[in-house]
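*Asks:* Spelled out, the chains give:
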Amino acid sequence: MEQTLKDEEILKLSLEDPSYFSILVDKYQIPFLRKTMGILRNREEAEDIVQETFAKIYRYGHRFKKEDGIEFKSWAYKILMNTSFTHYQKIKKGSANVEYLDPLLYEDTPEENQDFATIQDAKAAVAAVIDKMPEHLARVLKLYYLEDKSYADICKTEKISIPTLKMRLFRSKRLFEKLSADLDL
Amino acid sequence: MDNQKPVTVKEMLKNRILWRIYVLWFLRRIMPLVIFQVAAFILLFRIFAKNVFVSKVFRNATYAADFGYWSLLKYSLAAFLNTHLITQVSILLILGVVALLLRDLMRVLITYKAMWLKR
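Protein chains in written order, with numbering that gives the first Met the number 0: chain A, 0 to 184; chain B, 0 to 118.
Hints were generated in silico from the structure; no laboratory data involved.
Glycine residues also receive a C-beta, built at the ideal position from the N, C-alpha and C atoms.
Do not take every clue at face value.
[What the hints assert, rightly or not] Below, a list of computed lysine-lysine pairs in the DSSO-like style, where the Cα atoms sit at most 30 Å apart:
#, chain 1, residue 1, chain 2, residue 2
1, A, 141, A, 72
2, A, 11, B, 9
3, A, 26, B, 9
4, A, 5, B, 9
5, B, 13, A, 34
6, A, 77, B, 55
7, A, 55, A, 26
8, A, 11, B, 112
9, A, 5, A, 72
10, A, 72, B, 112
11, A, 55, B, 13
12, A, 172, B, 13
13, B, 9, A, 72
14, B, 9, A, 89
15, A, 172, B, 9
16, B, 13, A, 91
17, A, 89, B, 13
18, A, 72, A, 34
19, B, 73, B, 9
20, B, 55, A, 26
21, A, 26, A, 148
22, A, 55, B, 112
23, B, 9, A, 77
24, B, 55, A, 91
25, A, 5, B, 73
26, A, 64, A, 5
27, A, 91, A, 64
28, B, 13, A, 11
29, A, 89, A, 5
30, B, 112, A, 26
31, B, 55, A, 5
[What the hints assert, rightly or not] Computed beta-carbon distance windows for the label pairs:
#, chain 1, residue 1, chain 2, residue 2, range
32, B, 100, A, 155, 50 to 60 Å
33, B, 100, A, 178, 37 to 47 Å
34, B, 37, A, 65, 34 to 44 Å
35, A, 41, B, 19, 19 to 29 Å
36, A, 180, B, 19, 43 to 53 Å
37, B, 115, A, 180, 50 to 60 Å
38, A, 4, B, 19, 43 to 53 Å
39, B, 51, A, 25, 33 to 43 Å
40, A, 3, B, 51, 49 to 59 Å
Build the full structure now, drawing on both the sequences and the hints.
*Replies:* Spelled out as structure tokens, the structure:
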């Protein structure tokens with residue numbers, strides 16, 4: 000029966016009975032690990048990130064609502080990428096207050112980020128990188144990561160299709176990463 | 000002969016993830032319930048102990064038990080029916096809370112076993 004269930008249904012079931020979650024782990028742990036290895040290039044850290052990502056998926060699972068263009072897979076990958084990039088930035092900067100790219104954390108644990116000055120610095124640094132990006136890429140990045148808008152909302156605002164949006168987000172993330180490295184953030 | 004299969008890296012990571020999910024589930028779904036049930040049990044038991052001389056009831060129960068299970072059951076029923084309403088209610092609620100605690104304990108054990116079974 001479980002094989003016919005969709006991922007979001009399995010997630011919902013797993014909130015009551017966590018043994019269902021092993022189906023999602025079986026399905027996604029290797030692709031997640033491969034993706035994270037591509038960013039961090041360190042097996043142990045990648046495993047920690049994958050573990051952290053699954054924990055976040057489970058913790059925030061009750062908030063996930065399936066909408067047009069938002070599949071469980073893309074939501075899960077968004078969490079994975081945010082967790083990986085946050086970790087990557089932490090390693091690069093050696094600082095703990097760089098979780099501005101993670102909307103889940105930013106939303107839920109404001110008391111953890113009490114160092115206001117550091118947050119402002121981080122925001123200014125992000126703004127500086129975004130300023131250097133082409134306007135259409137910067138706009139989608141801001142809407143998706145900083146304002147946490149859904150695919151549907153962004154597509155409506157930008158008057159573009161979901162595949163175009165995904166491509167723009169992909170390109171903007173790459174560019175953001177490159178510019179951050181150039182600025183040594 | 001050792002028939003156990005070696006644990007692969009993939010399984011080790013899966014076990015770590017599932018263990019963490021199990022802890023999250025326990026803390027979020029079971030812990031608050033158990034805390035509430037234990038608090039209710041303590042409160043109800045204090046009400047019960049205030050109204051009933053427990054050691055006397057037990058002593059009488061052992062006398063009744065000397066005549067067999069049937070007389071013990073009859074004694075327990077008679078003692079229950081002849082006590083105050085508040086004591087009767089507290090006994091029923093204590094039994095209910097204990098049943099819920101046992102249910103949750105079973106759920107914890109069954110879920111723990113099910114977590115690592117292949118689906």
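*Asks:* State the violated hints by number, sorted upward, taking the hints as numbered earlier in the document.
*Replies:* 6, 19, 20, 24, 25, 27, 29, 31, 33, 36, 37, 38 and 39
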